[in-house]
Amino acid sequence: MRLQKAFTLILAALLLLGLVSCGTPASPATEAPSGGGSAPATSQPAPPAGETKKVELLTWTNEPTVLFLQSIQAGFQEAYPGYELVISNVPSGDHDSARETRVAANNVDIISFQTFALPQEDWNKDFVDKPTWQQYIDDGLLLDLTDEAFMKNYSADILAGNAYRDRFYSICQGTVAYTGVFYNKAIFTELGLSEPKTWDEFLAICEAVKNSGKYSVITAGAADNWPLNMFKNAIFNAMFTEDESSEIGRKLMTGELTHTDPSLAPIYTCMEQFASYMEPGVTGINYSDAPGRFAAGNMAMYADGSWTAPTIETANPDLDFGYFSLPGLSARGDGLPPQYGIKYDLSFSVPSNAPNKEGALNFLEYFSRKEIYTSFLNSVGGFSPTQADTILENAFLNSLAPGLQKPKLNPEFLIYGLKGVGEYGANGGFSFFYLDVLGGPYTKEQLAQAAADDYATALASLSTLQGQ
Amino acid sequence: MALLKITAPQRRKARRLRTFAPWMIMLCILPGLLHYFAFRLIPSATTAVLSFTNISGLPGSAFSFIGLANYREFFILQNTRDLFGALTRTAIFAVTVTVIQNAIALLMAVVLTNKIMKGRNLYRAVYFMPVVLGAAVVATMWKLLFSTPTGPIFLFMQGVLGLENPPAILSSYSYAFPAVIAAQIWQNMGYSMVIFIAGLQNIPEEIYEAAYIDGAGEWQAFWRITFPLLWSSITVNTLLAIIGSLQSFELIMTITSGQFNTATLGMMVFATAFGGRGATSSGGSLAGMRQGYAAAQSIVLFVAVCTVTILSQLLMRKMEVDQ
Numbered sequence: 016m017r018l019q020k021a022f023t024l025i026l027a028a029l030l031l032l033g034l035v036s037c038g039t040p041a042s043p044a045t046e047a048p049s050g051g052g053s054a055p056a057t058s059q060p061a062p063p064a065g066e067t068k069k070v071e072l073l074t075w076t077n078e079p080t081v082l083f084l085q086s087i088q089a090g091f092q093e094a095y096p097g098y099e100l101v102i103s104n105v106p107s108g109d110h111d112s113a114r115e116t117r118v119a120a121n122n123v124d125i126i127s128f129q130t131f132a133l134p135q136e137d138w139n140k141d142f143v144d145k146p147t148w149q150q151y152i153d154d155g156l157l158l159d160l161t162d163e164a165f166m167k168n169y170s171a172d173i174l175a176g177n178a179y180r181d182r183f184y185s186i187c188q189g190t191v192a193y194t195g196v197f198y199n200k201a202i203f204t205e206l207g208l209s210e211p212k213t214w215d216e217f218l219a220i221c222e223a224v225k226n227s228g229k230y231s232v233i234t235a236g237a238a239d240n241w242p243l244n245m246f247k248n249a250i251f252n253a254m255f256t257e258d259e260s261s262e263i264g265r266k267l268m269t270g271e272l273t274h275t276d277p278s279l280a281p282i283y284t285c286m287e288q289f290a291s292y293m294e295p296g297v298t299g300i301n302y303s304d305a306p307g308r309f310a311a312g313n314m315a316m317y318a319d320g321s322w323t324a325p326t327i328e329t330a331n332p333d334l335d336f337g338y339f340s341l342p343g344l345s346a347r348g349d350g351l352p353p354q355y356g357i358k359y360d361l362s363f364s365v366p367s368n369a370p371n372k373e374g375a376l377n378f379l380e381y382f383s384r385k386e387i388y389t390s391f392l393n394s395v396g397g398f399s400p401t402q403a404d405t406i407l408e409n410a411f412l413n414s415l416a417p418g419l420q421k422p423k424l425n426p427e428f429l430i431y432g433l434k435g436v437g438e439y440g441a442n443g444g445f446s447f448f449y450l451d452v453l454g455g456p457y458t459k460e461q462l463a464q465a466a467a468d469d470y471a472t473a474l475a476s477l478s479t480l481q482g483q
Numbered sequence: 034m035a036l037l038k039i040t041a042p043q044r045r046k047a048r049r050l051r052t053f054a055p056w057m058i059m060l061c062i063l064p065g066l067l068h069y070f071a072f073r074l075i076p077s078a079t080t081a082v083l084s085f086t087n088i089s090g091l092p093g094s095a096f097s098f099i100g101l102a103n104y105r106e107f108f109i110l111q112n113t114r115d116l117f118g119a120l121t122r123t124a125i126f127a128v129t130v131t132v133i134q135n136a137i138a139l140l141m142a143v144v145l146t147n148k149i150m151k152g153r154n155l156y157r158a159v160y161f162m163p164v165v166l167g168a169a170v171v172a173t174m175w176k177l178l179f180s181t182p183t184g185p186i187f188l189f190m191q192g193v194l195g196l197e198n199p200p201a202i203l204s205s206y207s208y209a210f211p212a213v214i215a216a217q218i219w220q221n222m223g224y225s226m227v228i229f230i231a232g233l234q235n236i237p238e239e240i241y242e243a244a245y246i247d248g249a250g251e252w253q254a255f256w257r258i259t260f261p262l263l264w265s266s267i268t269v270n271t272l273l274a275i276i277g278s279l280q281s282f283e284l285i286m287t288i289t290s291g292q293f294n295t296a297t298l299g300m301m302v303f304a305t306a307f308g309g310r311g312a313t314s315s316g317g318s319l320a321g322m323r324q325g326y327a328a329a330q331s332i333v334l335f336v337a338v339c340t341v342t343i344l345s346q347l348l349m350r351k352m353e354v355d356q
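Heads up: the protein sequence lines correspond to chains A and B, in order. Per our numbering, the very first residue in the first sequence carries number 16; after that it's consecutive. Per our numbering, the very first residue in the second sequence carries number 34; after that it's consecutive.
Simulated from the structure, these hints should not be mistaken for laboratory data. Where is the CB? At the ideal position from N, CA and C, for every residue including glycine. Honestly, I wouldn't trust all of these hints.
To be verified - Using 20 Å as the maximum straight-line C-alpha spacing, the simulated DMTMM-like pairs for lysine to aspartate or glutamate come out as follows: (1) B:K176 to A:D109; (2) A:K229 to B:E197; (3) A:K145 to B:E106; (4) A:K140 to B:E106.
As the list claims (entries may be wrong) - Derived CB-CB ranges, DEER-like: (5) A:Q461 to B:E251: 47 to 57 Å; (6) A:A89 to B:V336: 55 to 65 Å; (7) B:L66 to A:A89: 50 to 60 Å; (8) B:I58 to A:A89: 52 to 62 Å; (9) B:I137 to A:I387: 55 to 65 Å; (10) B:V336 to A:D162: 30 to 40 Å.
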C-alpha cells in the first residue's frame, strides 16, 4: 500500500514537473513593444565587467554571408567587450517562420528581411494583404533606426528605397542583380558564343549549345519554385521600364488589363522559350544542388542571382564564368548592354522586444564601419554596395558594372499579388510551373487565359465582399 | 465450504489491494487533465474565439473583433476551384492513407505474429522505426530518394526502366501527391501495425485450435475469427488514420510546400497562419501571418474532420454490431 502511494505521488510529481517545465523561462530583459512603430532606440546598460551578453542574430542561409558573420565575431567582441555575437541561420524557405517564432519567443536581437516593398496603401487596400514587414512596423514591433548615427554611413538613395513613411526600420546591406544568367566562358568560347544583346541572340546561344550535343543548356534550382519564377521578373525587366511594369501591375489588379492582352503575349512566349531550354528534370533540382551542377563544367548556363557567384567559385575554383542580364526583344537604344534588374537584399532590423537592444545596435554600428562593410562585400561577392564610395576588390562584382549603369528595381517589387486570386494568378499570373514544357497543364495561351480568369474571379469576389 | 469463507477484514484488505483510494486516482488523473486543458482544450477554444478577430500572429500586435468577416472572406473570396481542389485532395489523402495504411499494417501484423516467423521482434522494431522519426527527417529522406537527376529513383527510371526523360516525381503535377501519400503511409504504418499486433495477441489460441479441428483453413480462420475479433483494433486504427490524415500538413509542408497540387486544407491553414507557398492551393498569393483568418479556416477544417469522424464512427459501430 505504501509502495502504491509512493508510486502515485512520484508519478504525479514527475508529470506536473514536466508540465511546468514546458513553460517559457521568464526573461528579465523583456520589454513590451511600444506602439506606433517608433520605439526608442535606447535600452539597457552595458553588461558589467566580466559578464558577457549575447547578441542573437538570425538570418537565412547564404553560406558566404554566414561565414563572414562568423569571421567577425571575435572582432565585434573586441570592439564591444562584454558582447558576444551568436549567429543562427535557416534555409530561406523556412526563414520567415523561424523569424516570427524567435520574435514571439523574445530571444532574437537582430532579424533579417529582404526588402520593404509592395506596401498596402490607401489606393490598394481593397486588393492586397498587408505584407509581413508592414505588419511589423505598423504594430510597433521594429525599432526605428532613423536617428542612429551609423545610418549616415549608408547611401541616402538606398535608405530612401527601403523607407516606410520616411522612417528607416532596417539597414539594407547590399543590392543584388538577379535578372541574369551565369555562363561557362570555356563553353561559350569553344562554341564561338558571346553575351547576347537581344532575345533572338539569346535563343541562338541556347540553340547552338543544344545542337553541340555535348552540353546541357540551362539549369536552375527549380524545385524550390522561386528560383525559376524569378525569371519571369527577368523577362519583365528586359522588356519594360520600371514605370511600365508598375503600371501593368496596377492595371492587372484593377481589371483594366488582362493577361490575354496582346501587349503581354511576349512575356508568355519568352517564358515558354526560356523554359524549353532548361535541362530535363529541372523542376526536381533543389536550389542547393544547382550551383554544383553548373560548377561541374558541363552546363552552359545557370539561371540565378548574383549572390550565388561565391558558391560557384567555392564549388569549382577553376571554373571561368561570367554573368549577363537577360536581353530584351531588341537592343537598347543607348548602346548600353542589357541592364540588370536589382533588388534590396539582406536587411537587418532590431525587434522592439529584443532582449539585448543595445548589443544589437552596437553590432549594427560595428558592421556599418567602412572597413568591415567593404570586407563583407568583398567576401560575400554577390552584393553591390549600399554605402557610398565603397571600393570593391571582388572581380566578379566589378564585372557586373557595365550592366549596372542604369539598373531598374525589379518587377517583383512592383507587381502586387492580388488578394484571393487563384493558383494560376499567383506570381502575378506568370508562373513557369504551369507551362506544359515544364510538365505543367497549360500551353502559354491557356496559362494566360487561366491567369486572366483567376484575376477576374478574384476581382468579382472582392467586389461582392466589399458590397456586403 | 468453510475454506471459501472470507472475513470482513480480509475483504477490506483485498479491496485496498485491488484499488487505489479516490484521492490517488484524482492525483493520477490531474496531470493528464492539466495537459488536456492547457494544450488541447484552451488552445482549441482560443482558436474558435480568434477566428472572429483580425489577429496577425505577430507578437504584441493589436487586434480586434471583426465578427464573421473571416468566414465571409473564406467562403466568398477564396477561389472556389482551389478550395474544392484542396478539399478533394484532403478527402483523397484521408481515404487513401486510411485504407492502404491499415491494409499494409494488418498484413504486416499478421505476418509478424506468426510463430514460424524468425526475428519477429527485430522486424517489428524496424517497421515501427519511421513512427519515431520527425517529419523533417522523413521529408529529407524522401527528397533524397526522389531527387532529380541524381536520386536513386530517377536513376532507376533512367537506367533500368529505360525512360529517356523521367519525371521529377516531387515536382510533378501527376506524381507529387501520390508520393506524399506514400510518405505518410510509410511513416505511420508502424503505429497501426503495433495496435493490430496487440489486438492479434489478445485472440485466444484455443479458438483457432477449435476451428482447425473443425476443418477450417487459414483463410477461413482469418475471415471468421481474426477479422471479427480484431474489429475494435480496426475501428481504432481507422479513426486514428482518418483524423491524422485529415489534419496532416507536416509532410506536405516539408516535402512539397503545398506546391504541385499537394495542398490540403491543413496545409492551407498552416500557410495562411505562418506564411508559405501553400496559402492558396499552389501559389501563395496571400501574405501569410493572418492567424485570425487561419483560425477561421481551422474551424472549417474542424467541422469537416468532426463530421467525417462521427459518420465513420457510426458506420464502424454498425459494422461492429453486424460482425
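Can you list which hints this structure breaks, lowest number first? Number 10 - this is the single hint that the structure violates.
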